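Asker: Below are the chains, spelled out letter by letter.
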Amino acid sequence: MPVALRAPGWWRALAYIVLGIAFCYGLSIGARALFGYDPLLDGESVLRISLIAVPFFFLVGLGCFDYWFYWAAGRPTRPEDHSGHGAYSWKDYFRPNTDHKVIGIQYVVTSFFFLFVGGLLAMLMRAELAAPGRQFVDANTFNGLFSVHASLLIFLFVIPVFAGLANFVLPLMIGAPDMGFPRLNALSYWLLPVAGLMMLLSFAAPGGSFASGWTAYAPLSTSAPLGQEFFTVGVQFAGASSIATALNFLVTIITMRAPGMSFFRLPLLVWANFSTSLLVVIATPFIAASQFFVLLDRGLQFNFFNAGKGGDVLMYQHVFWFYSHPAVYIMMLPSFGIISEILAVKARKPIFGYRMMAFSLLAIVVLGFTVWAHHMFVSGMQPWIRIPMMITTAIIAVPTGIKIFSWLATLWRGVLHLDTPMLFALGFLTMFTCGGISGVMLAMIPLTIHVSDTYFIVAHIHYVLFGGSLFTIFAGVYYWFPKMTGRMYDERLGRLHFWLTFVFFNLTFGPMHIIGVQGMPRRVSDYAQQFATWNLFISISAFILGLSSLIFAYNMIASWRGGPRAVANPWRALTLEWQVSSPPPIFNFDAIPTVVGGPYEYGVPGAVHGVFKGAEVPAPAGTHATTTAE
Amino acid sequence: MPQESTPRRERKRTVQQMVLVGVIASAAGIALGLSIHWFPPADSTQADKVDTLWDVLIIATVPVFVLVTVVVLFSVLEFRMRPGEENLDGPPIHGSTRLEVIWTAVPAILIVGLVTYAYIVLHDIEKAPAAGNPERHVAVTGQQFTWSFAYNEGGKKFTSAQLYLPVGESVKFDVGSKDVIHDFWVPDFRMKIDAVPGITTHYRITPKASAIGNHDIVCAELCGLGHAFMRQTAHVLSKPDFDKWVQSKIAKPAATAGGAQPATIDAKKLFTEGNPDTSATACGTCHTLADAGTTATTGPVLDKVLKGKDAAFIKQSILQPSAVIAPGYQDGIMPSNFGDTLSAEQVDALVQYLSKVTNK
Numbered sequence: 048m049p050v051a052l053r054a055p056g057w058w059r060a061l062a063y064i065v066l067g068i069a070f071c072y073g074l075s076i077g078a079r080a081l082f083g084y085d086p087l088l089d090g091e092s093v094l095r096i097s098l099i100a101v102p103f104f105f106l107v108g109l110g111c112f113d114y115w116f117y118w119a120a121g122r123p124t125r126p127e128d129h130s131g132h133g134a135y136s137w138k139d140y141f142r143p144n145t146d147h148k149v150i151g152i153q154y155v156v157t158s159f160f161f162l163f164v165g166g167l168l169a170m171l172m173r174a175e176l177a178a179p180g181r182q183f184v185d186a187n188t189f190n191g192l193f194s195v196h197a198s199l200l201i202f203l204f205v206i207p208v209f210a211g212l213a214n215f216v217l218p219l220m221i222g223a224p225d226m227g228f229p230r231l232n233a234l235s236y237w238l239l240p241v242a243g244l245m246m247l248l249s250f251a252a253p254g255g256s257f258a259s260g261w262t263a264y265a266p267l268s269t270s271a272p273l274g275q276e277f278f279t280v281g282v283q284f285a286g287a288s289s290i291a292t293a294l295n296f297l298v299t300i301i302t303m304r305a306p307g308m309s310f311f312r313l314p315l316l317v318w319a320n321f322s323t324s325l326l327v328v329i330a331t332p333f334i335a336a337s338q339f340f341v342l343l344d345r346g347l348q349f350n351f352f353n354a355g356k357g358g359d360v361l362m363y364q365h366v367f368w369f370y371s372h373p374a375v376y377i378m379m380l381p382s383f384g385i386i387s388e389i390l391a392v393k394a395r396k397p398i399f400g401y402r403m404m405a406f407s408l409l410a411i412v413v414l415g416f417t418v419w420a421h422h423m424f425v426s427g428m429q430p431w432i433r434i435p436m437m438i439t440t441a442i443i444a445v446p447t448g449i450k451i452f453s454w455l456a457t458l459w460r461g462v463l464h465l466d467t468p469m470l471f472a473l474g475f476l477t478m479f480t481c482g483g484i485s486g487v488m489l490a491m492i493p494l495t496i497h498v499s500d501t502y503f504i505v506a507h508i509h510y511v512l513f514g515g516s517l518f519t520i521f522a523g524v525y526y527w528f529p530k531m532t533g534r535m536y537d538e539r540l541g542r543l544h545f546w547l548t549f550v551f552f553n554l555t556f557g558p559m560h561i562i563g564v565q566g567m568p569r570r571v572s573d574y575a576q577q578f579a580t581w582n583l584f585i586s587i588s589a590f591i592l593g594l595s596s597l598i599f600a601y602n603m604i605a606s607w608r609g610g611p612r613a614v615a616n617p618w619r620a621l622t623l624e625w626q627v628s629s630p631p632p633i634f635n636f637d638a639i640p641t642v643v644g645g646p647y648e649y650g651v652p653g654a655v656h657g658v659f660k661g662a663e664v665p666a667p668a669g670t671h672a673t674t675t676a677e
Numbered sequence: 418m419p420q421e422s423t424p425r426r427e428r429k430r431t432v433q434q435m436v437l438v439g440v441i442a443s444a445a446g447i448a449l450g451l452s453i454h455w456f457p458p459a460d461s462t463q464a465d466k467v468d469t470l471w472d473v474l475i476i477a478t479v480p481v482f483v484l485v486t487v488v489v490l491f492s493v494l495e496f497r498m499r500p501g502e503e504n505l506d507g508p509p510i511h512g513s514t515r516l517e518v519i520w521t522a523v524p525a526i527l528i529v530g531l532v533t534y535a536y537i538v539l540h541d542i543e544k545a546p547a548a549g550n551p552e553r554h555v556a557v558t559g560q561q562f563t564w565s566f567a568y569n570e571g572g573k574k575f576t577s578a579q580l581y582l583p584v585g586e587s588v589k590f591d592v593g594s595k596d597v598i599h600d601f602w603v604p605d606f607r608m609k610i611d612a613v614p615g616i617t618t619h620y621r622i623t624p625k626a627s628a629i630g631n632h633d634i635v636c637a638e639l640c641g642l643g644h645a646f647m648r649q650t651a652h653v654l655s656k657p658d659f660d661k662w663v664q665s666k667i668a669k670p671a672a673t674a675g676g677a678q679p680a681t682i683d684a685k686k687l688f689t690e691g692n693p694d695t696s697a698t699a700c701g702t703c704h705t706l707a708d709a710g711t712t713a714t715t716g717p718v719l720d721k722v723l724k725g726k727d728a729a730f731i732k733q734s735i736l737q738p739s740a741v742i743a744p745g746y747q748d749g750i751m752p753s754n755f756g757d758t759l760s761a762e763q764v765d766a767l768v769q770y771l772s773k774v775t776n777k
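Here the protein sequences come in this chain order: A and B.
Residues 48 to 677 in our numbering are what the first sequence lists, from first letter to last.
Residues 418 to 777 in our numbering are what the second sequence lists, from first letter to last.
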């Protein structure tokens, strides 16, 4: 066998994919022969097995499991598996790599690829909706467009891009050389492109892509054409990736903090990811379960959700939302972390009420598990459940409000550096407040009865996930761009990007509140004549919003290739990731730092967060004693 | 201290200005929020209470948004970095327990108030009519992609493809589904509930006097290919008109609604527009037919699948769509209620028309 096929890499991965497909044919034909089914070859059955099995063949071929297989077989493990650390050329980004900085960039770039694909699908939807009647896609394709749009942006963009940013900066922030489980980290990343590709390939499935929304309610999903299974199985891979990364973050945060880094000296981004990881680890298995139910219903007629055979249709929604409501916070809490970092640095002031900021995160984690059925106010569940869910849903605005007000107090009397990351952070503050307010309105059951499943919901979720999450993602990417790439981005293009995004975001999603309350249902390819004017307006705004993202793409690519070199600490930040070179050295720190003070002591004379061995140690924050290095 | 002096200090006047701007902006925001024509017509007694709740929410929440926005804007104006301040830091303020207690307690109180009010509204819009007042039950059944309505008027049971309601009387809908989840929503009445296979769900409304006329019925829960087209009409009639309609249904149980048919039936128009009176879906919504100029691809292309077929086959395909399924298409997509929503003459006219244009 040629070396290329034996060594881990893309050639071996390709060979294993072929092997995997052959295996699936064999398994399907063999099993059908055994049970005497006719015909022996059934395309659907082969495809169904392939969706589950072939990704594993691919991952094994690529080399994600090599170390563990060698170890399990008692063969000498190869140390070079771990020294696949660091990227020396662009090719290193295309193999399993155990360096958290490489993985972070892999995550961020991959998820931005899916942002652009998902955004493109949104453009197609807006083109179809620009006028009533049918423009150029039929109802089936349209249902597929919004289903894939939402699934990609939730499972392949917002959730993983936060994991990616945190992957890069979190170990640096806590003074660790890497994540706790570097090989698991590499595997978590490679599960993602598998999930994303699967969802995209569903467009090529017989009967079209999955078209039952990202919520995939049974029994619509259990009776849909085969494309549905690309979602059912794809979510399992995205979910497994999410869970593995969350475990990794928890272990890293708990065990790998630098000396002196107590929990209350952690930057709030670390607190935010700690909270998010708790949510992921506890909640994500529930969506896995809901999709396994669907898979078993579809493939093996388990009839979990077949009312005629004793199934329970509402059970799907309870299990699904028990994950998918916490998922909203999985997509929000890391934002809170990013905003806290940026506001403190750019306002040159300590975070106002640090401990309450940390505790409110934990309060949201706990409360986040008690509100899921507010998605089911009109589902026909037991009516009394609605009341406690209304109360908890409204109450969750209190810890969120604490955060908003604390950020405002952080701004007050600061010295505000109004550059691109700060503009996006301030944009987040106002837009997320808007989304939060419509969220409180939606907690009120009588109103929700009228507006659920309308464009009001579409407006609300986009104010939260676009005006909330995506604004902070942009803020974070601009903020850490110098650290990740070693180059500076173009500030003028960055500001242009912000203003276009901010204005056209509001023009796109603001009017959706109005047409929603007026009675336009969501998830429709056609609508009544009375909504025509607003829809045309929304479509035009959406196209400009889409175009504005090209400025971002150009800025990122051009600056990465040829931007001016970044210094180690262009923002004069105190947190540890800015105390090393840009980009950081291969194992992050030449010497592990010792943390001697809080992360946001701006304005405190001579304040220092961490000190490095051998360096002269300035006085810790808040004291006047002079100490020296050991 | 890194702070130099007065220019960077928070001035009392700034706070006063901010409060003033905030109050004016809140008032303007509330006025704008209340003047926007948000809702469709309020045609049930329930609708008025929901619309009032909305007004209260606007009044309660606009100031919150204004507060955040005004503080951000004033911070930007007052505290932005000016030339020469590149290395300046703000004052090291770490927090204030008093402020934190205030901004935890005040929103909590506001929320408890809103939740209590919402609970009262919910109770009001769902409560049964006072004892002695009649309440009609209408069984609503959803299926891909149409609604049907079953009545029980004085012991006489009949079904209708359209919803007819008398004005001023409470009606309780018992909602069910034959296949997947649908959602029974009349925006003008403000209420909705999912139609869930296996269980019966409910809500009640009382049409107001202003409701006499037609109202859209919309399916609000994604139910498959024809979801966007699952629209029907609710007719609210005066009590005498309603009784007349009931009499006509009882007199001819199998009758087709829609009143007198025109002498000649324009089959092509029927194909492209359906029959809005009985909410018969237009064939052209889903089917391509060259002669009628439709290009939809949800269902099979009729020029192809009906070519060379006889009239009996075409009639069977209209009335029993599941009898023969064109290759590559799913069973159960096409409504199976054309026998109810079209008169026999209309079906014959359609068959004749389709037979002619597909066998040219």
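Keep in mind that the hints are not guaranteed to be accurate.
Partial pick of chain A residues on the chain B-facing surface, computed with a CB cut under 8 Å [said to hold, decoys possible]:
1) V93
2) I96
3) F116
4) A119
5) P397
6) K660
Per the computed footprint, the stretches of chain A lying under chain B, defined by three or more beta-carbons under 8 Å from a beta-carbon of chain B, are [said to hold, decoys possible]:
7) 202 to 214
8) 226 to 232
9) 322 to 329
10) 357 to 363
11) 376 to 383
12) 432 to 444
Chain A is faced by these chain B residues, among others (derived, beta-carbon under 7 Å) [unchecked claim]:
13) V467
14) L470
15) D506
16) G512
17) P524
18) I526
19) L527
20) I542
21) A545
22) V613
23) V774
24) T775
For the record, the hints were derived by calculation from the structure and aren't laboratory data.
No experiment lies behind these values; they were computed from the predicted model shown.
All C-beta atoms in this analysis are idealised placements derived from N, C-alpha and C, irrespective of residue type, glycine included.
Asker: It remains to establish, for every hint, whether it holds in the given structure.
Answerer: Evaluated hints:
| no. | hint | result |
| --- | --- | --- |
| 1 | V93 | violated (20 Å) |
| 2 | I96 | violated (23 Å) |
| 3 | F116 | violated (44 Å) |
| 4 | A119 | violated (46 Å) |
| 5 | P397 | holds (5 Å) |
| 6 | K660 | violated (27 Å) |
| 7 | 202 to 214 | violated (count 0) |
| 8 | 226 to 232 | violated (count 0) |
| 9 | 322 to 329 | violated (count 0) |
| 10 | 357 to 363 | holds (count 4) |
| 11 | 376 to 383 | violated (count 0) |
| 12 | 432 to 444 | holds (count 7) |
| 13 | V467 | holds (5 Å) |
| 14 | L470 | holds (6 Å) |
| 15 | D506 | holds (4 Å) |
| 16 | G512 | holds (4 Å) |
| 17 | P524 | holds (4 Å) |
| 18 | I526 | violated (10 Å) |
| 19 | L527 | violated (9 Å) |
| 20 | I542 | holds (6 Å) |
| 21 | A545 | violated (13 Å) |
| 22 | V613 | holds (5 Å) |
| 23 | V774 | violated (21 Å) |
| 24 | T775 | violated (21 Å) |
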